[in-house]
Amino acid sequence: MKVATWNVNSLRVRLPQVLAWLAQEQPDVLALQETKVTDDAFPAVPLQALGYDTLYSGEPSYNGVALLSRRPPTEVQIGIPGFADPQRRCIAASYAASDLPGGSLRVVNLYVPNGQSVGSERYAYKLHWLSRLNDWLRTELSERPSLLVLGDYNIAPDDRDVHDPIAWKDHIAVSVPERLAFCGLLDLGLTDAFRLFEPLAGHFSWWDYRTDAFRRNLGLRIDHILVSQPLVGGCIACHIDRAPRKAVRPSDHAPVVVEIAVPATNQTIDSTPLT
DNA sequence: ATGACGGAAGTTTTCCGA
1 MKVATWNVNS LRVRLPQVLA WLAQEQPDVL ALQETKVTDD AFPAVPLQAL
51 GYDTLYSGEP SYNGVALLSR RPPTEVQIGI PGFADPQRRC IAASYAASDL
101 PGGSLRVVNL YVPNGQSVGS ERYAYKLHWL SRLNDWLRTE LSERPSLLVL
151 GDYNIAPDDR DVHDPIAWKD HIAVSVPERL AFCGLLDLGL TDAFRLFEPL
201 AGHFSWWDYR TDAFRRNLGL RIDHILVSQP LVGGCIACHI DRAPRKAVRP
251 SDHAPVVVEI AVPATNQTID STPLT
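Each residue of the first sequence is one higher than the one before, counting from 1 in this note's numbering.
Any given hint might turn out to be false.
[Claimed, not checked] As a list, the in silico DMTMM-like pairs of lysine to aspartate or glutamate whose alpha-carbon atoms are at most 25 angstroms apart:
#1 K2 / E259
#2 K2 / E198
#3 K36 / D241
#4 K2 / E59
#5 K246 / D208
#6 K169 / E121
#7 K246 / D85
#8 K2 / E121
#9 K2 / D85
#10 K2 / E143
#11 K169 / D208
#12 K2 / D212
#13 K169 / E198
#14 K246 / E140
#15 K36 / E198
#16 K36 / D53
#17 K169 / E143
#18 K2 / D164
#19 K2 / D28
#20 K169 / D212
#21 K246 / E259
#22 K2 / E140
#23 K2 / D40
#24 K169 / D192
#25 K169 / D158
#26 K169 / D252
#27 K36 / E25
#28 K36 / E121
#29 K169 / D187
#30 K2 / D252
#31 K246 / E198
#32 K169 / D159
#33 K36 / D208
#34 K36 / D85
#35 K169 / E140
#36 K246 / E75
The hints are simulated quantities; they were obtained by calculation from the structure and are not laboratory data.
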């Protein structure tokens, strides 16, 4: 299974790029953030025409998340249970996958608050939001063996994920309390899929629109795919697709993609007869 | 220290992003 996350910074503006990327990459699930579109205006028809089911939770101007999938969703959850948050930042669903532990893949799609600046009201909201997320994911992990928690975390987990760690020290997305909150998610039993394959610095998922930051590779790695322990062994690849960031009028984020082998795939490879 | 770019709302300017 191929699952991806992409902060599109307005789905209405980026729809042609999303449609082209879906047609080319054929992910089983694509999680979108910053759709910036209300539910009544969500462009479901062209996405369905490509064979994707749609789930979405939006609001005017800001935030908004969606899940696009080639198989039908079940057990849909909008928002963090028990957390009355008016901002549309979380949507989750399950997808049948008989070869995976538990028989289905659970996908939790997040748009973690930006936080604006360390010490601000929005920063306090970000940390509170992450705390409520942590509480909920503890329950999810106990009930869903095959769990993916992906999206725009707005946190660069360590200095390898920051183009200039000295300049960014203690700034938003990099501050110690934010990184501790991210570690708190890993401590629940989640693993950063990207770091299963790439140990080096300099790989980013976001670049500022200003100052030619993408061409100079001045970015942050803040979009992540976390996987539960039963899925770790099945992860066969995780990469950041920089191609859409080179488009005309791109999003400032690039998609992150994970590929998960189901046991049947391994068996097929292992049983290939020698010639 | 500030702004630089881009989207949205909505009307010429402001808020927000990271």
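Okay, the hints, checked on the actual structure:
no.	hint	in the structure
1	K2 / E259	4 angstroms, holds
2	K2 / E198	18 angstroms, holds
3	K36 / D241	22 angstroms, holds
4	K2 / E59	28 angstroms, violated
5	K246 / D208	13 angstroms, holds
6	K169 / E121	20 angstroms, holds
7	K246 / D85	34 angstroms, violated
8	K2 / E121	37 angstroms, violated
9	K2 / D85	30 angstroms, violated
10	K2 / E143	22 angstroms, holds
11	K169 / D208	17 angstroms, holds
12	K2 / D212	31 angstroms, violated
13	K169 / E198	23 angstroms, holds
14	K246 / E140	37 angstroms, violated
15	K36 / E198	32 angstroms, violated
16	K36 / D53	19 angstroms, holds
17	K169 / E143	37 angstroms, violated
18	K2 / D164	32 angstroms, violated
19	K2 / D28	5 angstroms, holds
20	K169 / D212	22 angstroms, holds
21	K246 / E259	23 angstroms, holds
22	K2 / E140	21 angstroms, holds
23	K2 / D40	29 angstroms, violated
24	K169 / D192	22 angstroms, holds
25	K169 / D158	11 angstroms, holds
26	K169 / D252	22 angstroms, holds
27	K36 / E25	24 angstroms, holds
28	K36 / E121	22 angstroms, holds
29	K169 / D187	23 angstroms, holds
30	K2 / D252	22 angstroms, holds
31	K246 / E198	22 angstroms, holds
32	K169 / D159	9 angstroms, holds
33	K36 / D208	19 angstroms, holds
34	K36 / D85	17 angstroms, holds
35	K169 / E140	33 angstroms, violated
36	K246 / E75	36 angstroms, violated
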